[in-house]
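Assemble the complex: chain C is given as a structure, and chain S must be docked to it using the hints.
Chains as they are written, first to last, in my numbering: chain C, 1 to 443; chain S, 1001 to 1443.
FYI, nobody ran anything at the bench for these hints, they're computed from the structure.
Just so you know, even glycine gets a beta-carbon here, dropped at the ideal spot from N, CA and C.
Take the hints with a grain of salt, since some may be wrong.
[Said to hold, decoys possible] If you want the footprint, here are the derived chain C segments under chain S, 3+ residues with CB under 8 Å:
#1 105-117
#2 259-273
#3 349-358
#4 369-378
#5 386-399
[As the list claims (entries may be wrong)] DEER-style ranges, computed between Cβ atoms:
#6 307(C) with 1427(S): 45 to 55 Å
#7 404(C) with 1037(S): 19 to 29 Å
#8 383(C) with 1309(S): 29 to 39 Å
#9 1273(S) with 60(C): 49 to 59 Å
[As the list claims (entries may be wrong)] Each computed DSBU-like pair below joins lysine-lysine, with the alpha-carbon atoms no more than 35 Å apart:
#10 1442(S) with 351(C)
#11 1325(S) with 346(C)
#12 1406(S) with 325(C)
#13 325(C) with 1395(S)
#14 351(C) with 442(C)
#15 442(C) with 1442(S)
#16 1346(S) with 325(C)
#17 1397(S) with 325(C)
#18 406(C) with 1325(S)
There are 2 protein chains.
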Amino acid sequence: MSDKSKPVAKARAISGFPEYTPEIRRAELRWIDAIRETFERYGYVNIETPSVEEVETLAAKGGDVDKEIYGLQRLNAEGEDKGARLALHFDLTVPTARYVAQHFNELTFPFKRYQIQRVWRGERPQEGRFREFLQCDVDVIDQDGISHDFDAEIPLIALQALNAVGAGPIRFMMNNRKILIGFYEGLGIEKAGDVIRVVDKIDKLPVEEIERILVEELGLPADAARACLALAQIRSTDNSFANDARKLGVENTLFEEGLSELTTVMDRLNAADIGDSVVEANLAIARGLDYYTGVVYEAQLIDYPEYSTICAGGRYADLVGAYIKRDLPGVGISIGLTRLFAKLLKEGEIKPERASPTDVLIARFPENDVLELDAIANALRGRGINVEVYHEATKLKNQFRYAERKAIPYLWFAGDTNEVKDLGAGAQAEADPASWLPARLKT
Amino acid sequence: MSDKSKPVAKARAISGFPEYTPEIRRAELRWIDAIRETFERYGYVNIETPSVEEVETLAAKGGDVDKEIYGLQRLNAEGEDKGARLALHFDLTVPTARYVAQHFNELTFPFKRYQIQRVWRGERPQEGRFREFLQCDVDVIDQDGISHDFDAEIPLIALQALNAVGAGPIRFMMNNRKILIGFYEGLGIEKAGDVIRVVDKIDKLPVEEIERILVEELGLPADAARACLALAQIRSTDNSFANDARKLGVENTLFEEGLSELTTVMDRLNAADIGDSVVEANLAIARGLDYYTGVVYEAQLIDYPEYSTICAGGRYADLVGAYIKRDLPGVGISIGLTRLFAKLLKEGEIKPERASPTDVLIARFPENDVLELDAIANALRGRGINVEVYHEATKLKNQFRYAERKAIPYLWFAGDTNEVKDLGAGAQAEADPASWLPARLKT
Chain C
1 MSDKSKPVAK ARAISGFPEY TPEIRRAELR WIDAIRETFE RYGYVNIETP
51 SVEEVETLAA KGGDVDKEIY GLQRLNAEGE DKGARLALHF DLTVPTARYV
101 AQHFNELTFP FKRYQIQRVW RGERPQEGRF REFLQCDVDV IDQDGISHDF
151 DAEIPLIALQ ALNAVGAGPI RFMMNNRKIL IGFYEGLGIE KAGDVIRVVD
201 KIDKLPVEEI ERILVEELGL PADAARACLA LAQIRSTDNS FANDARKLGV
251 ENTLFEEGLS ELTTVMDRLN AADIGDSVVE ANLAIARGLD YYTGVVYEAQ
301 LIDYPEYSTI CAGGRYADLV GAYIKRDLPG VGISIGLTRL FAKLLKEGEI
351 KPERASPTDV LIARFPENDV LELDAIANAL RGRGINVEVY HEATKLKNQF
401 RYAERKAIPY LWFAGDTNEV KDLGAGAQAE ADPASWLPAR LKT
Chain S
1001 MSDKSKPVAK ARAISGFPEY TPEIRRAELR WIDAIRETFE RYGYVNIETP
1051 SVEEVETLAA KGGDVDKEIY GLQRLNAEGE DKGARLALHF DLTVPTARYV
1101 AQHFNELTFP FKRYQIQRVW RGERPQEGRF REFLQCDVDV IDQDGISHDF
1151 DAEIPLIALQ ALNAVGAGPI RFMMNNRKIL IGFYEGLGIE KAGDVIRVVD
1201 KIDKLPVEEI ERILVEELGL PADAARACLA LAQIRSTDNS FANDARKLGV
1251 ENTLFEEGLS ELTTVMDRLN AADIGDSVVE ANLAIARGLD YYTGVVYEAQ
1301 LIDYPEYSTI CAGGRYADLV GAYIKRDLPG VGISIGLTRL FAKLLKEGEI
1351 KPERASPTDV LIARFPENDV LELDAIANAL RGRGINVEVY HEATKLKNQF
1401 RYAERKAIPY LWFAGDTNEV KDLGAGAQAE ADPASWLPAR LKT
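Chain C with its partners taken away, still in its complex shape (with noise of 0.2 Å):
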């Protein structure tokens, strides 16, 4: 069947979107499993939407999303058929409002949903930057009010997947957008909006260039502009934001109504067990402009403190948008795995795993009933052990150098007696297909 006349073309990786070898999957399998398990033990339930949505349905999220959209178009198909109605989607927000929209009534409230799907942004790649990514969210939705508790709630759960899976120490920065509007109000400043986007790049611009654009640009006084930037410049792992807050000498119902909740928020994260990780008060934290509510969060890794927000999120009034004559709150993180799995990779961060998952390699001879052999590998498998029969009768030499290149760490000769090597340690002993288990098993 061979034809070395053949034509070869070349197999080449598309850019920005990832692949990995088996070692690297496994590795990136592993994370999604810990941060399924997290957000299963705190109750929420997984849900997948399709890869597409209609074109009208992203296209309602407005901003210049629209050039970031793939839409989908059948080749060699006629007339209208050909046109672009459906396309992938850009995140799983805009997917999970219009499945709460068309499950409503099949759905318990408070909704606790997660969701970890590919999404799909037609930018130009460059380095850290991904066409195709594996996003995990996960939300919690209720009607017409929801309970404070997730304000906390939902960070943790982000904070616990991340560190299951091994990310290193976080930086969890938390804020309450009550806070910075309720401040500006007291202020008398009515562009709050503008005044936040400036803000915002108080780690990015010299303070002295925000204060001067606070002035000249949105016309503040002096003042004013000096007292956003003190907020702005508040931080602490306790809860001594509020005071240092309230020095500033703003009176504002918003304003203590934020540091009510961040207060609430911050006691609750202070008193779970979040390991090595971090979790700030930072009244510079602003995030999306007209989205979020109240509490707003992102988290850095604390030993890449130059590598941008690894997750975020908030609490939003209303999800559901255009769906339904209700509104439908709710509190919501999302984490960027592919980026954040990619970044640990790149620093030598995530150790790559074993070519495969087989613990047991069953070595094979000329004298072996391969049915016999089978017997073996089906009583071991019945016990939760992944089993390979080698595939043809061979010299030991060549089915040990198959077992070590799949760093397989048992082999197993059957017989009379059967025996095991550990080809880690290098000992051999008898073993019973009923009752051995390999270190991976054993409590």
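Then chain S, alone, in the frame of chain C:
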């Protein structure tokens, strides 16, 4: 924040793109987990490929599949950037071929991989057809030659996976294309491919009609046509098929080779524990006309004999096609998860799961300190228990109703002594957060 005047759009499903409520999604997730576990029990490793390939890569497969391919088009992009150079994959075989070629030097052969991913086909949606669906493929690929062991192992893995999800009794029908080709050769028939195509319809057309086509349209002598039909009607669950085939009096080396290979495969499958399922040698099975070169198989649901093939595969001479100047033969099988799941769901064979993974709801009253409830929840979570703390201090009735609607099996009352109520059995007893277990986790 409420705006009751907001416009209401209709949230609707997109035909051909399945989406489930949480209860059904949990059942689907259980299927995926069971299939994954089965594949890993045999030492197969997971890979994923991007959802897209370059259009040329997909088109290289040839045939009339082009029309079904969804190309990607960046909405609002300008100029050449707009054209569809990328398209969604329509199966997992083409991406795997590209993957193996691209990562050739990083893989250990025989390369045993499984892949569970969404694939897309732009066909007209109809009952039981999907435009987006999950496919579960398991293949082993080797260099230059590949052990006949896998002729039996691959269908056995698929059968075990289908048993693991509880798909009901399966009829696994096996053949070997060498039997057919060798038999036709032995009869002096030149157009073996054409004969296969006609005989393949034996379950759809009356025998007389097939005989007529073979004689009148393909020009076979009447006795050769009758011999072809007699071969195609041979079935056996033991190895009697081989003698039945030999009785037809054709002598040919390839034919004998095929009978011998199929006998070995049947022996191994019949020695395995496959529950209520049935393995049958069925000499009418032909599968993909050009692709397969040895053993071929397809499976049906015994309880739904009118329902089409649920998984299929076989041995092929060269996976990688145009990429590499050597042959990479393999044996593989593909389970159409979404179609099978949808069929069994429709028939009531799949029971929805609970709408949540929660084991325990911790009740909350005004006298409880939420940090203490959190501590109990975290102690339980640390031992693998899924826990929700009720999100507000409210009437017991409301909390009961929430637990009931989400079918949460236990309600926890915190206090100087903790008590747990089993909501199914009704019993309430003292419980220690450090040791209590729900029935699900008791061994």
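Okay, the hints, checked on the actual structure:
no.	hint	result
1	105-117	holds (count 6)
2	259-273	holds (count 5)
3	349-358	holds (count 4)
4	369-378	holds (count 5)
5	386-399	holds (count 6)
6	307(C) with 1427(S): 45 to 55 Å	holds, 52 Å
7	404(C) with 1037(S): 19 to 29 Å	holds, 26 Å
8	383(C) with 1309(S): 29 to 39 Å	holds, 33 Å
9	1273(S) with 60(C): 49 to 59 Å	holds, 54 Å
10	1442(S) with 351(C)	holds, 34 Å
11	1325(S) with 346(C)	holds, 33 Å
12	1406(S) with 325(C)	holds, 25 Å
13	325(C) with 1395(S)	holds, 28 Å
14	351(C) with 442(C)	holds, 23 Å
15	442(C) with 1442(S)	holds, 18 Å
16	1346(S) with 325(C)	holds, 33 Å
17	1397(S) with 325(C)	holds, 28 Å
18	406(C) with 1325(S)	holds, 25 Å
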